[in-house]
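In terms of full-length UniProt numbering, the numbers along the sequence shown are unbroken and rise by one, the last being 382.
These aren't lab readings, by the way, just hints derived from the structure by calculation.
Keep in mind the model is a prediction, meaning the values are calculated, not measured.
The reader is advised that the hints may include incorrect statements.
Claimed, not checked - Label pairs and their in silico Cβ distance ranges: (1) Arg163 with Leu241: 28 to 34 Å; (2) Asp105 with Val307: 31 to 37 Å; (3) Thr188 with His83: 17 to 23 Å; (4) Gln352 with Tyr294: 16 to 22 Å; (5) Phe196 with Arg310: 43 to 49 Å; (6) Leu228 with Asp105: 21 to 27 Å; (7) Val326 with Gln352: 20 to 26 Å; (8) Tyr294 with Pro328: 23 to 29 Å; (9) Ala107 with Glu360: 24 to 30 Å; (10) Ser308 with Tyr184: 27 to 33 Å.
Note that beta-carbon positions come from the ideal geometry of N, C-alpha and C, so glycine has one too.
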Amino acid sequence: MPVQSAADPRLSRNQLPNDATADPLKRPTTPLHFFSSLPFMQQHTRPSMKVMSGRNAPRSRTGKNYDLNRLILSNSQGSLSPHEVDEISTAFFLMVTYEYLFGQDSAAVEVHIQGIYTFLKAHDLVPRLGETGQCVKLPVLTQQLLLFVMYANLTICKYGRLRQLWEEAGHESSFISTMDELFYNSRTSQHAIWPFEYPSEAALDDISVFRPLELTNECKKLKYRLLLIPETTRGKSEWYLMDCLEQDLCGIGKRYQDLIIMSQQPHSDLRNRQLQTIYFAVAEYHATTVFFCYRRSFLSCMSSPLVSSRDAVNGALAIIKELSTVSPSCLGRVHWPMIVLARCMEDSQDRQWIRKTLIESQHTIVFPSMRGWLDEMSGLDL
Numbered sequence: 001m002p003v004q005s006a007a008d009p010r011l012s013r014n015q016l017p018n019d020a021t022a023d024p025l026k027r028p029t030t031p032l033h034f035f036s037s038l039p040f041m042q043q044h045t046r047p048s049m050k051v052m053s054g055r056n057a058p059r060s061r062t063g064k065n066y067d068l069n070r071l072i073l074s075n076s077q078g079s080l081s082p083h084e085v086d087e088i089s090t091a092f093f094l095m096v097t098y099e100y101l102f103g104q105d106s107a108a109v110e111v112h113i114q115g116i117y118t119f120l121k122a123h124d125l126v127p128r129l130g131e132t133g134q135c136v137k138l139p140v141l142t143q144q145l146l147l148f149v150m151y152a153n154l155t156i157c158k159y160g161r162l163r164q165l166w167e168e169a170g171h172e173s174s175f176i177s178t179m180d181e182l183f184y185n186s187r188t189s190q191h192a193i194w195p196f197e198y199p200s201e202a203a204l205d206d207i208s209v210f211r212p213l214e215l216t217n218e219c220k221k222l223k224y225r226l227l228l229i230p231e232t233t234r235g236k237s238e239w240y241l242m243d244c245l246e247q248d249l250c251g252i253g254k255r256y257q258d259l260i261i262m263s264q265q266p267h268s269d270l271r272n273r274q275l276q277t278i279y280f281a282v283a284e285y286h287a288t289t290v291f292f293c294y295r296r297s298f299l300s301c302m303s304s305p306l307v308s309s310r311d312a313v314n315g316a317l318a319i320i321k322e323l324s325t326v327s328p329s330c331l332g333r334v335h336w337p338m339i340v341l342a343r344c345m346e347d348s349q350d351r352q353w354i355r356k357t358l359i360e361s362q363h364t365i366v367f368p369s370m371r372g373w374l375d376e377m378s379g380l381d382l
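Sequences and hints are given; from them, build the entire structure.
Structure follows, in structure tokens:
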């Protein structure tokens, strides 16, 4: 059963790129032809398989799944239906995920991220700047997959050299506003799990699942804005921007004060998994605060900071130590806070412990595609 979107069930094609339409013989006539004609697909026609030497079975399955997606897309004729949009988006998502997990660096991940961004732009599936209903043209599944891809986009950003892949694909809409709408659209769909006759379950889900995810989403938006600020630029415009970011950071801390307090009480009544979700979100908030203070120190801002880097370091460190004791397998969920502390903390026994933990657990919490970015941030040679 195809996933229906809020827009017309048959999505008309937008004008294709000039190099695809100039010659009728080159004009893509199916989603597969369009899919294969773009530059990023010509560079990487399938995820690199060399990285999985010694793992023939997973490599074989990945190749077959990829080829099956291409075969399915090749049978589609005419305008794109929501189901076809989902098929193509899923293929891109699988390639992003594969390279993220098994690729040797972030370059291939960026190629496939740019691929799905360009596909959405070429088919006019994301409204232009100023249009309402930012993501109503996208089927529900594609919205969810795009949100995951945007989060991955933020994860592989290289410190101080953020490639704005969304903007490079020609989108007029903001990366942050699009990501934000995708997040809340996802919540609207998921909230329907609990009928009206289960108010207590719905309330618990709101506290232990949605609010931590919302806090994480807020931190990711702030992180994106921080990464856009050049590290070496020192001017009034940057000072003003940092003041605005600091106000936003303080506002986030006030809105989610209940979660911050809850993270300091490991013997809460919440089930362990739910408590861990809160830990992950609050650690992300503390790390964002530390990262903000670190970036702010390079700009020589005139006013004193309103947020405390020391309190944030202590908060993140307490959560990381708790997880390393109770559930060390979860450290992968707090790799960003660990990297920030390894980079930004003053030299101390705690900093040495963080760096030692990163080195010892690098093969379980750090994917190869992220290693260059993490090396640069932490100063470690992982």
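Earlier hints that do not hold, by number: 1
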